[in-house]
Amino acid sequence: SQTIHQWPATLVQPVGSPLSLECTVEGTSNPNLYWYRQAAGRGLQLLFYSVGIGQISSEVPQNLSASRPQDRQFILSSKKLLLSDSGFYLCAWSLKGNQPQHFGDGTRLSIL
Amino acid sequence: QQQVKQSPQSLIVQKGGISIINCAYENTAFDYFPWYQQFPGKGPALLIAIRPDVSEKKEGRFTISFNKSAKQFSLHIMDSQPGDSATYFCAAKWMDSSYKLIFGSGTRLLVRP
Chain A
1 SQTIHQWPAT LVQPVGSPLS LECTVEGTSN PNLYWYRQAA GRGLQLLFYS VGIGQISSEV
61 PQNLSASRPQ DRQFILSSKK LLLSDSGFYL CAWSLKGNQP QHFGDGTRLS IL
Chain B
1001 QQQVKQSPQS LIVQKGGISI INCAYENTAF DYFPWYQQFP GKGPALLIAI RPDVSEKKEG
1061 RFTISFNKSA KQFSLHIMDS QPGDSATYFC AAKWMDSSYK LIFGSGTRLL VRP
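Listed in order, the protein sequences are those of chains A and B. Quick note: the first sequence, position 68, residue 68 per this note's numbering, numbers continuous. Remember, this note's numbering sits 1000 above the position in the second sequence when you count from 1.
Each hint should be verified, as a subset may be incorrect.
Simulated pairs of lysine-lysine, DSS-like, Cα-Cα distance not exceeding 25 Å [stated by the list, open to error]:
{"id": "1", "chain 1": "B", "residue 1": "1071", "chain 2": "B", "residue 2": "1058"}
{"id": "2", "chain 1": "A", "residue 1": "96", "chain 2": "B", "residue 2": "1015"}
{"id": "3", "chain 1": "B", "residue 1": "1015", "chain 2": "B", "residue 2": "1068"}
{"id": "4", "chain 1": "B", "residue 1": "1042", "chain 2": "B", "residue 2": "1005"}
{"id": "5", "chain 1": "B", "residue 1": "1071", "chain 2": "B", "residue 2": "1057"}
{"id": "6", "chain 1": "B", "residue 1": "1100", "chain 2": "A", "residue 2": "96"}
Far from chain B, by Cβ distances over 12 Å, these chain A residues were calculated [what the hints assert, rightly or not]:
{"id": "7", "residue": "17"}
{"id": "8", "residue": "27"}
{"id": "9", "residue": "28"}
{"id": "10", "residue": "46"}
{"id": "11", "residue": "54"}
{"id": "12", "residue": "69"}
{"id": "13", "residue": "71"}
{"id": "14", "residue": "72"}
{"id": "15", "residue": "80"}
{"id": "16", "residue": "82"}
{"id": "17", "residue": "102"}
{"id": "18", "residue": "104"}
Honestly, the hints are just simulated from the structure, not real lab data. Computed from a predicted model, the values in this text were never measured in an experiment. Ideal Cβ placement from N, Cα and C applies to all residues, glycine included.
My request is simple: use the sequences and hints to build the entire structure.
Right, dumping it as structure tokens:
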């Protein structure tokens, strides 16, 4: 069966520091991969998605970037974090086509 | 621009009661409507989903009702249990996209014993 891993589970970073969140999927090949942000008490906002290695599409302009160096690895990065980057970041995967998305357990990021 | 509106924001139900969460969408270009359940500190988990050519789908105690003409869909949880206490999100997928989900703002459900 397929599993998705995200780490770290929680992270506290100072303003202006860099960021790297990692997500890996096991048990499938060539999945679609997604990064979402969930603000407190709100729904999920799609930040990036990827249909293959090196292929990244951004949904909203922001201070973050994403990369997919390997088939089942998706990384969310920032060079300099802002206070507004605080939130709950979720990675998800799906098979190709009209298939449901499956989420990891997220990283809670707090910027001080 | 909120394209999927979810209500209520929070809901308290007694054990054994029926929990009803409603969503309305504005764009007719959606073709897939999933519901997700999220427990604190966890990612959302797919609960049940429906396509617009079906008016109702039932899986165990969970039922989606879909009204295409009114552009509304709802989640009914029958015989609600304390273990159902979680946040529920509706979502809608763009017809011309295999990936883009638009989420509602979520409903926090508390089922009292």
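**Message:** Please verify whether residue 1071 (chain B) and residue 1057 (chain B) have alpha carbons no more than 25 Å apart.
**Reply:** Between residue 1071 (chain B) and residue 1057 (chain B) the Cα gap is close to 16 Å, so the pair holds against 25 Å.
**Message:** For residue 82 (chain A), is the shortest CB-to-CB distance to chain B above 12 Å, so the non-interface label stands?
**Reply:** Per Cβ check, residue 82 (chain A) is outside 12 Å of chain B; nearest 23 Å; holds.
**Prompt:** Is it the case that residue 46 (chain A) keeps its Cβ farther than 12 Å from each residue Cβ in chain B?
**Reply:** Non-interface label on residue 46 (chain A) violated, nearest chain B Cβ at 6 Å vs cutoff 12 Å.
**Item:** Separation of residue 71 (chain A) from chain B, once the least beta-carbon distance is taken, above 12 Å
**Value:** Holds, since 17 Å exceeds 12 Å.
**Request:** Could you grab the alpha-carbon distance between residue 1100 (chain B) and residue 96 (chain A) and see if it respects the 25 Å cut-off?
**Result:** Holds, because 12 Å separates the two Cα atoms, which is no more than 25 Å.
**Prompt:** Is it true that the CA of residue 1015 (chain B) sits at most 25 Å from the CA of residue 1068 (chain B)?
**Reply:** Not satisfied, since the Cα-Cα distance of roughly 31 Å exceeds 25 Å.
**Prompt:** Far enough from chain B: is every CB of that chain over 12 Å from the CB of residue 104 (chain A)?
**Reply:** violated (5 Å)
**residue 69 (chain A) non-interfacial with respect to chain B [C-beta, more than 12 Å]** = Holds: least Cβ distance 20 Å, greater than 12 Å.
**Message:** Given the hinted pair residue 1071 (chain B) and residue 1058 (chain B), is their Cα-Cα distance within 25 Å?
**Reply:** Holds, at about 19 Å.
**Asked** Between residue 1042 (chain B) and residue 1005 (chain B), is the straight-line Cα distance small enough, at 25 Å or below?
**Response** holds (23 Å)
**Prompt:** Are all C-beta atoms of chain B more than 12 Å from that of residue 27 (chain A)?
**Reply:** Consistent with the label, residue 27 (chain A) stays out of reach of chain B, its closest Cβ about 16 Å off (over 12 Å).
**Request:** Beyond 12 Å from every chain B Cβ: check whether that's true for residue 17 (chain A).
**Result:** With a cut-off of 12 Å, residue 17 (chain A) remains clear of chain B, as the shortest Cβ separation is near 24 Å.
The structure does not agree with the numbered hints 2, 3, 10, 17 and 18 stated previously, though it agrees with the rest.
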